[in-house]
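Engineer: Listed below, chain by chain, are the residues.
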Amino acid sequence: MKGRKGLKGPEGLKGLRGGPVPVLFVLWVLYVLLVLSAPAQAAPFAYVSNERSGTVSVIDTATNKVVSTLRVGSRPRGIQVSGKRVFVALSDTARNSQSSADAIVAFDPAGRRILARYDAGSDPEQFAVSRDGSTLFASNEDAGTASITHQGKVVATLIVGIEPEGVAISPDGRWVYVTAETSNTVSVIDTQARKVVASFLVDPRPRAAAFSPKGDRAYVTAEIGGTVSVVDTATHQVIDVIGLGGRAKPVGVVASPDGRRVYVANGHGNSVAVIDTAKGKVIQTIPVGRRPWGIAVARDGKRVYTANGLSNDVSVIDTAAGRVVATVKVGEGAWGIALP
Amino acid sequence: MASLAALALAPEGKVIRVGHVASDERALRGAQLGAEEAGRTAGLLGARFELVADLDGVMAVVGGAELESPGVPLLVTGEPGPPRPNVFHVSSSQAERRAALARWGGEGGEVVDWHPSLTRFGAEQLNSRFESRFGAPMDSLAWANWMAVKIAAELALRAMPLERLRFDGHKGEPLWFGEDHCLRQPLYVVIGEKVVGEVAPE
Chain V
328 MKGRKGLKGP EGLKGLRGGP VPVLFVLWVL YVLLVLSAPA QAAPFAYVSN ERSGTVSVID
388 TATNKVVSTL RVGSRPRGIQ VSGKRVFVAL SDTARNSQSS ADAIVAFDPA GRRILARYDA
448 GSDPEQFAVS RDGSTLFASN EDAGTASITH QGKVVATLIV GIEPEGVAIS PDGRWVYVTA
508 ETSNTVSVID TQARKVVASF LVDPRPRAAA FSPKGDRAYV TAEIGGTVSV VDTATHQVID
568 VIGLGGRAKP VGVVASPDGR RVYVANGHGN SVAVIDTAKG KVIQTIPVGR RPWGIAVARD
628 GKRVYTANGL SNDVSVIDTA AGRVVATVKV GEGAWGIALP
Chain E
27 MASLAALALA PEGKVIRVGH VASDERALRG AQLGAEEAGR TAGLLGARFE LVADLDGVMA
87 VVGGAELESP GVPLLVTGEP GPPRPNVFHV SSSQAERRAA LARWGGEGGE VVDWHPSLTR
147 FGAEQLNSRF ESRFGAPMDS LAWANWMAVK IAAELALRAM PLERLRFDGH KGEPLWFGED
207 HCLRQPLYVV IGEKVVGEVA PE
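Just so you know, the sequences run in chain order V and E. Under the numbering used here, the first sequence has 666 at position 339, and the numbering climbs by one with no breaks. Under the numbering used here, the second sequence has 117 at position 91, and the numbering climbs by one with no breaks.
Worth flagging that the hints you see were computed from the coordinates, not collected in a lab. Just so you know, even glycine gets a beta-carbon here, dropped at the ideal spot from N, CA and C. There's no promise every hint is true.
Here are the in silico distance ranges between beta carbons for each label pair [to be verified]:
| id | chain 1 | residue 1 | chain 2 | residue 2 | range |
| --- | --- | --- | --- | --- | --- |
| 1 | E | THR145 | V | GLY410 | 49 to 59 Å |
| 2 | E | LEU93 | V | ARG650 | 49 to 59 Å |
| 3 | V | ARG412 | E | GLU51 | 48 to 58 Å |
| 4 | E | GLU92 | V | ARG587 | 28 to 38 Å |
| 5 | E | ASP50 | V | ILE486 | 43 to 53 Å |
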């Protein structure tokens, strides 16, 4: 049947008044139905390394439920998400030795299977991943070194302080900071030169470092000092030291996506300290599970998560409300936590 | 207290010489490990650390209370002696250990500054480094010498008022010198070979 442009077929579509229905209108209706029926964008997973059980727990952050548990190997600790892979550091249980158990493994985001295994030197504890995912920078706890693994091979082993642990990479990928618990130092690795180019002292027993989103500042926790050192990353010098007070034993640290807040996991203090970066002081202390070490913030800044190693759970903090809104049971010895 | 602050100086290009008089093999080993680790730290900061037996030209001395160290601080390991202005005690005294045992209040036991079975706050790693290095467990005297060398190095490397200085001895709490020049530190109650309690400093 001819007439105005419309769908034609054996019977064709007819409008209410019996005329043909315009193609564009039909397509528009179909489009609206498609959009309305499409599932909401899935909330990301949170990944928790469980040191004593040798597993990683995968948490759906929309429901705060564990959706899978992957056995990864011995003593999983540092954990990072990079692109479509999740990386976790594994170490053997023997002291002062390197074995085949020492590695960084990559697994799929759903937590179903291990995809690759990388040499990262002896006893890798914490690590950072370059922006393109090709290079790993790992602290080697017992050896007092930091290893650089590029495309699967160790390409540099650098001398840092005694008992290195925390590793953080600047947002532009230029610098890696490595803390050393016994030396009380932070060593600065130039990622292009693959060398340590500076080191500086911080307060006793530095455990972790985190860069601000702009990269102009870094924050270093001192577990025995009970402080966070604020570092000017242009000069690699400490410009402020923030006391956390009370029973704080700070370990993990992370900056909010807008840079206005720094969240500190207080370890045996069983709390999270909230630092206002403009004021340079703690504005709130939030009770969480027992011995929070790992800490991560959601990309929208609305949630902070802590891995609690003695209560074997994850505390979910609503950052606007300033309190824990959910607790998720995970494996034994929850150590690190990472989100995309 | 001011004499300890005199050790503080900017690290770059500096040579930090600390004298050590060992009372026995355990003390020597503790100091040696401390010196190796202090050397690593100093090297990262552009300085050099030396542990020497000759006390001439040193910035501090580590050893027993009977030593004389004119003009430089003496960090005493082993039983403390009478108070002197430039003398600082790293090991606990018998009186302190008796008082700690009384505060603990349990039956039996002895109080020590360190035990090779300690694990928390990096103690396991320190014990492991010592045992790997020397093939023997780290006891209180070895720990005190390791700690004293570390204190001397830290003071030389940091340009800070002494009142703000706190030290990490892998005991889970910051250590510092009180007005009496004695190191404030947690002590441990041991029965047999087992640590059964920890006593906080007064």
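Engineer: Honestly, which of those hints from before does the structure not fit?
Structural biologist: 1, 4 and 5
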